[in-house]
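Peer 1: Each chain is listed here by its residues.
Number of protein chains: 2
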Amino acid sequence: MPQPIDFYFDFASPYGYLASRKIDGIAARYDREVTWRPFLLGIVFKIVGTGPMFDYPLKSDYFLRDLPRSARRLGIPATLPPGSPHNTIPAARAFYWLKDQDPAMAKAFAQRVYNRFFEDGADVSSPEATAEIAAEIGADGDQVLAALQDQKVKDRLRDEVDAAIENSVFGSPYFIVDGEPFWGSDRLDQVEDWLKTGGW
Amino acid sequence: MPQPIDFYFDFASPYGYLASRKIDGIAARYDREVTWRPFLLGIVFKIVGTGPMFDYPLKSDYFLRDLPRSARRLGIPATLPPGSPHNTIPAARAFYWLKDQDPAMAKAFAQRVYNRFFEDGADVSSPEATAEIAAEIGADGDQVLAALQDQKVKDRLRDEVDAAIENSVFGSPYFIVDGEPFWGSDRLDQVEDWLKTGGW
Chain A
97 MPQPIDFYFD FASPYGYLAS RKIDGIAARY DREVTWRPFL LGIVFKIVGT
147 GPMFDYPLKS DYFLRDLPRS ARRLGIPATL PPGSPHNTIP AARAFYWLKD
197 QDPAMAKAFA QRVYNRFFED GADVSSPEAT AEIAAEIGAD GDQVLAALQD
247 QKVKDRLRDE VDAAIENSVF GSPYFIVDGE PFWGSDRLDQ VEDWLKTGGW
Chain B
97 MPQPIDFYFD FASPYGYLAS RKIDGIAARY DREVTWRPFL LGIVFKIVGT
147 GPMFDYPLKS DYFLRDLPRS ARRLGIPATL PPGSPHNTIP AARAFYWLKD
197 QDPAMAKAFA QRVYNRFFED GADVSSPEAT AEIAAEIGAD GDQVLAALQD
247 QKVKDRLRDE VDAAIENSVF GSPYFIVDGE PFWGSDRLDQ VEDWLKTGGW
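If you're matching them up, the sequences are chains A and B in order.
Under this note's numbering, think of the first position of the first sequence as 97, with each following residue one higher.
Under this note's numbering, think of the first position of the second sequence as 97, with each following residue one higher.
Bound conformation, chain A alone:
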């Protein structure tokens, strides 16, 4: 049985969103599963010494142009939510809480969060918005709100972020295919080639 592909992403990462719309389809063509692994880019930025792309002069203007252009080329709708950066702790905590009960539900939740953020351009970073999205895919919204404050759930996410850093994940999206790391939605074609050929 081949290993699943690790797909690391931050819920506020627009290029992570683009990748989220493609990675399962690519993996399926090579009979692979994808393990979705939300993490917190803000914590990684502190370690690496970088920051959100929208914080940099010149670069930020470029991203505002590159993102919709790359999205159109991939045939994916893309709208940026207002403001930045967005707090993605609630969504990431809810994801792992859901995952420990039902991995398929967690993935459906993640897809819905991403689509609300970047297809609809809605700011869904609050605990309430997170709970609402979880409720839309069948979870109990009140339980989600309670879980977000639960120390065990907080620790669960912290462990996942620590593990991401252990695995040298420094950006979003970030893929690991059979031990080989790929950073960025613009590496999806390399990810696919790697799956096809086993490496080059």
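Rather than coming from a laboratory, the hints here were simulated on the basis of the structure.
Take these hints with a grain of salt, some might be off.
Because identical chains cannot be distinguished in the list, a pair is counted as satisfied if it fits within a single copy or across any two copies.
Unchecked claim - Derived pair list, reagent style DSSO-like, types lysine-lysine, alpha-carbon separation capped at 27 Å: (1) 250 / 118; (2) 292 / 155; (3) 118 / 248; (4) 118 / 155; (5) 292 / 248; (6) 250 / 292; (7) 155 / 248; (8) 155 / 142; (9) 292 / 142; (10) 118 / 292; (11) 203 / 118.
Starting from the structure of chain A, add chain B where the hints point.
Peer 2: Here is chain B on its own, set in the frame of chain A:
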């Protein structure tokens, strides 16, 4: 007559080197010329607030893996010169000094500098190494060494760097195709599609 493609790069940029081996061929398929525009990434970094990729933990390890992997995929030999960052002021000054006499010679010089840096993995950042490479393509090495200290030549490069920043160039390689900016050797396929389709 369609506009030339602007190709901005720093001589110490390995991804700029990868792009340098591809951009003229891509442009030629669409009857386009390429204007090579070396600039100084170090000055841009100060404005943008970023730094050389090898300065960042985690990221630097990734680049050491991604660069040869991307090079192999493009069928381009790639070896990193020892040390970093490299001073690319001599090569950039010599380029514009040569260009004002003979643009074709300047491009041949730039290709040779890049190939010495990243095909051979040699540190050719010194004025002497720069003059030697210029001599290999038919320039007078002593004249090159003198030009590198000439205030007019220094100002010429400064003006080019200022113009690059005016055009929002913040990384290497960076392309402008009919006003449309593309950053990174991983945007070469988008550059080609843009030339083919006129945009999307």
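Peer 1: Looking back at the numbered hints, which does the structure fail to meet, lowest number first?
Peer 2: 1, 3, 5, 6, 7 and 9
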